[in-house]
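*Asks:* Sequence:
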Amino acid sequence: MQPDINFHMTPDEFRQIGRELIDWIADYYQNIEQFPVLSKVEPGDIRTQLPPSPPEKGEAFDQIIGDIDRLIMPGITHWQSPNFFAFFPANTSGPSILAELLSAGLGVQGMSWITSPACTELETHVLDWLAEMLGLPENFTSQSAGGGVIQDTASSASLTALLAARERATNFVTNENGCDGRLVAYTSTQAHSSIEKAVKIAGLGRKNLRLIKVDDDFAMLPEALAIQIKTDRGVGLIPCFVCATVGTTSSNALDPLKEIGSICEAEGI
Numbered sequence: 001m002q003p004d005i006n007f008h009m010t011p012d013e014f015r016q017i018g019r020e021l022i023d024w025i026a027d028y029y030q031n032i033e034q035f036p037v038l039s040k041v042e043p044g045d046i047r048t049q050l051p052p053s054p055p056e057k058g059e060a061f062d063q064i065i066g067d068i069d070r071l072i073m074p075g076i077t078h079w080q081s082p083n084f085f086a087f088f089p090a091n092t093s094g095p096s097i098l099a100e101l102l103s104a105g106l107g108v109q110g111m112s113w114i115t116s117p118a119c120t121e122l123e124t125h126v127l128d129w130l131a132e133m134l135g136l137p138e139n140f141t142s143q144s145a146g147g148g149v150i151q152d153t154a155s156s157a158s159l160t161a162l163l164a165a166r167e168r169a170t171n172f173v174t175n176e177n178g179c180d181g182r183l184v185a186y187t188s189t190q191a192h193s194s195i196e197k198a199v200k201i202a203g204l205g206r207k208n209l210r211l212i213k214v215d216d217d218f219a220m221l222p223e224a225l226a227i228q229i230k231t232d233r234g235v236g237l238i239p240c241f242v243c244a245t246v247g248t249t250s251s252n253a254l255d256p257l258k259e260i261g262s263i264c265e266a267e268g269i
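Per the UniProt record's numbering, the sequence shown starts with residue 1, numbered consecutively.
Certain hints may be false.
[Said to hold, decoys possible] Cross-link-like lysine-lysine pairs, in silico, DSS-like; alpha carbons within 27 Å at most:
#1 K213 to K200
#2 K207 to K197
#3 K258 to K213
#4 K258 to K197
#5 K258 to K230
#6 K213 to K230
Rather than coming from a laboratory, the hints here were simulated on the basis of the structure.
Let the hints inform the model, and build the full structure from the sequences given.
*Replies:* What follows is the structure, given as structure tokens:
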């Protein structure tokens, strides 16, 4: 008779390996300044060292850590290094790592209240806290007409905002009939590429994205925005969405939110 094979860790194995992994992570942070921020590998170097087909059997934990040290670490760009200044801040911390471990350990799904009441209510409440910390008006909270959900990336959040703006501008008609080619979105020439992608995914089309000129500090020119909106309305188009940027990826430029917000309020956008 074949012996029973357990492909899962026992609680004791999980405790032991978990401690070893946390020690490995702690050592990494203790020595992170010793690593070159940018990896020295060439394109394809990592894949050429990986098995061409999925392995039939798993590896022991010490073998996996050995593979990480030997194969993965040489190809890492060290975003958490104090010497990293590229792209944008994406910092983690000890508490956030442990919180991620706890979240993964519970493994709940929070897509609706019934799937995990504590998860969904905590999300709603924390986002109300965030609105308060940012000094946003009461109507941004769940106690009023607002409230929010956490998105996986800023790109997804931009798409979600655009979809909401699209439906607001058409009284939810586009959910039924699709876009008719008249909806227009606006952002600066320095905006992140995710805005163009969102416009395409939402069905507005690339030709209906207006890239507004910027000043000498690379911030959006409100007067140029106002002129473009007026021009588009004049030919029967429907302005529905303006994306301002607080810290552009290329130069950390800050679009003038107050002036842009006043234009949007006046235009009903």
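*Asks:* Each hint: holds or not?
*Replies:* Right, here's what the structure says about each hint:
1. For the hint pairing K213 with K200, the CA-to-CA distance comes to about 21 Å; that is within 27 Å, so the pair holds.
2. Restraint check: the Cα-Cα separation between K207 and K197 comes to about 12 Å, which is no more than 27 Å; the hinted pair holds.
3. Note on K258 and K213: the hinted pairing holds, with a Cα-Cα distance of about 17 Å set against a maximum of 27 Å.
4. Proximity of K258 to K197 is assessed by CA-CA distance (about 26 Å); at most 27 Å being required, the pair is judged to hold.
5. Restraint check for K258 and K230: satisfied, since their Cα atoms lie roughly 19 Å apart, inside the 27 Å limit.
6. Between K213 and K230, the direct Cα distance comes to roughly 15 Å. Compliance with the 27 Å bound is thereby established for this hinted pair.
The structure is consistent with each of the numbered hints, conforming to all of them.
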